[in-house]
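Could you slot chain V onto chain E? The hints should help.
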Amino acid sequence: MIRLEHVGFRYNRSGPLVLDDINLVIDNGEHIGIIGPNGSGKTTLVQLMNALLLPSEGRIIVDGLKTTDAGTAAEIRRRVGIVFQNPESQIVGMTVEEDTAFGPGNLALPAQEIRRRVDDCLGAVGLSGFQERSTHKLSGGEKRLLSIAGILAMQPRHIIFDEPTAFLDPAGRERVLAVIDEINRQGVAIIHISHHMEDILGADRIIVLKDGRIVRDGAPRQIFCDPFLLAGLQLDIPAAAALMQKLRAAGEPVRTDILTLDEAVAEIRSTVCGRRSEAQPRVP
Amino acid sequence: MEGFGVYVPGKSFIHGRDPRVKILASIFLSIVIMRAGLSVLVLHSLLMAGLVILSRLAVLRVISSLKPFLSFFAVIFVLHCLVWGESDTVHAVSGELLSTEGLIRALTVTWRFALMVIAAALFTMTTKPSELIAGIGRLLRPARAVGVPVQDVAMMMALALRFMPIFLDEWQRVRTAQMARGVDFRKGGLPGKVRTIGTLALPLLINSFRTAEETATAIEGRGYGAGEFTHLREFKLTAADCGALAAICIAAGLPLIAS
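First to last, the protein sequences are chains E and V.
Here my numbering is used: position 152 in the first sequence is 152, and no number is missing along the way.
Here my numbering is used: position 14 in the second sequence is 14, and no number is missing along the way.
Same shape as in the complex, but just chain E:
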């Protein structure tokens, strides 16, 4: 469990608060989406969670360990992994297996255990058989998957993904999202920063950050179907929700609390059927 209590952060003593009075509890196994415009403090927030940054105010407790206590950083980083925005600067090994072994190596595990974890984690992200490949020659999607395997190999209980689908083609994006879902199914908590609302429709909770504060914290349906909230933050509305809102604005009596395309199809179909049978249109 990660608990943030009245957390404030500034990059230098006299600087402005980049994060202000953040209160947040992330339960074990939870899947959290974090959204917010550029500069709202998303990356700073997650770096506080694994002691890469220390709070200027308040405190952060990871599985009972306070990040500001001396000597806790190594254990906290083992428990909270971060997959950074740019896989290129996260990959440090010349070959795929050497890179995956970097994290477990830092935990000073015996060679046999490292080998087992490397092979397991490469399998989990679909890179079995890539062990001896040069990291430099991987595709963008493969680099991203490798950076995930490198974190998985440390067996963290929480994994932070900082825009994991940025710069990926649709197929690569699908693969990465499927891997993240699978990791979550194994009981690992996911903290997922994204600019693509479609990527985090399946999250348990969405946190909305703006100017260093949490402005909303709720279920995806509450957040994404609020037309004023997302527009005010200059964020995209999921396609299905946007469609329903436009239909509604055009006078069609459709529900607007729709998240996925499947739901939209069902709703439109039921409205059309209702009209065909000349029944009274349903008004939500």
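There could be a bad hint or two in this list.
[Unchecked claim] In silico DSBU-like links for lysine-lysine, alpha-carbon gap of 30 Å or less:
#1 E:Lys246 <-> E:Lys210
#2 V:Lys128 <-> V:Lys236
#3 V:Lys67 <-> V:Lys128
#4 V:Lys67 <-> E:Lys137
#5 E:Lys137 <-> V:Lys11
#6 V:Lys11 <-> V:Lys187
#7 E:Lys137 <-> V:Lys128
#8 V:Lys67 <-> V:Lys11
#9 E:Lys66 <-> E:Lys210
Simulated from the structure, these hints should not be mistaken for laboratory data.
Here the structure is a predicted model, which means the values were calculated and not measured.
Relative to the frame of chain E, chain V by itself:
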């Protein structure tokens, strides 16, 4: 054409040896070869040939690593032909042209360098760069007692190796981007070239600093710096490692002592 001594994956006896053994053996071989005379060099060449065969590398590929040094060999050969004798005078100038003594000396020196190049190539072609660095790190471990951050130095070398190709890619990218904006890298003679290198270097430098900072954060996030670390490969000297090192020392050292 690949660069000098690029690692060739393999599972030969030589590939499998501990990098420390290979580093020590290479240093020992270089010292011994440097002091060998013609007859001993023949024996050393046979030894080297044996090692190349043992490595299961393509023999031609190993020999072709001499290529970049050919002009160097030519120069030292000619110089040694001309400069010989007790006083190291330039005999060609004083009228006494070639002599057997000069020829033998030129041949010996060139042969020594060629053998050393082959030894170095054989070493790097059978050792992963990462293992090489880990090996150096292990060998230098005693230096930690006097406060040298050996582990960090080894990490820096490994990162330099990893980021070299990225840096070259970046160079290409910046170049292309600037050509698209009308910079002509062929025009302007030498002063023009110097100026355009400046325009390339600045964005590259800025990019490198950004990447370095991101990487520093990332490796810290992956638990680096917590203390001891281990490798995928266990660095334990086996009987085969010790035996191989001893065998090379005897095979290369004995003829020298005997002569």
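Structure-based check of each hint:
{"no.": "1", "hint": "E:Lys246 <-> E:Lys210", "result": "holds, 26 Å"}
{"no.": "2", "hint": "V:Lys128 <-> V:Lys236", "result": "holds, 17 Å"}
{"no.": "3", "hint": "V:Lys67 <-> V:Lys128", "result": "holds, 22 Å"}
{"no.": "4", "hint": "V:Lys67 <-> E:Lys137", "result": "holds, 27 Å"}
{"no.": "5", "hint": "E:Lys137 <-> V:Lys11", "result": "holds, 22 Å"}
{"no.": "6", "hint": "V:Lys11 <-> V:Lys187", "result": "violated, 50 Å"}
{"no.": "7", "hint": "E:Lys137 <-> V:Lys128", "result": "holds, 17 Å"}
{"no.": "8", "hint": "V:Lys67 <-> V:Lys11", "result": "holds, 26 Å"}
{"no.": "9", "hint": "E:Lys66 <-> E:Lys210", "result": "holds, 26 Å"}
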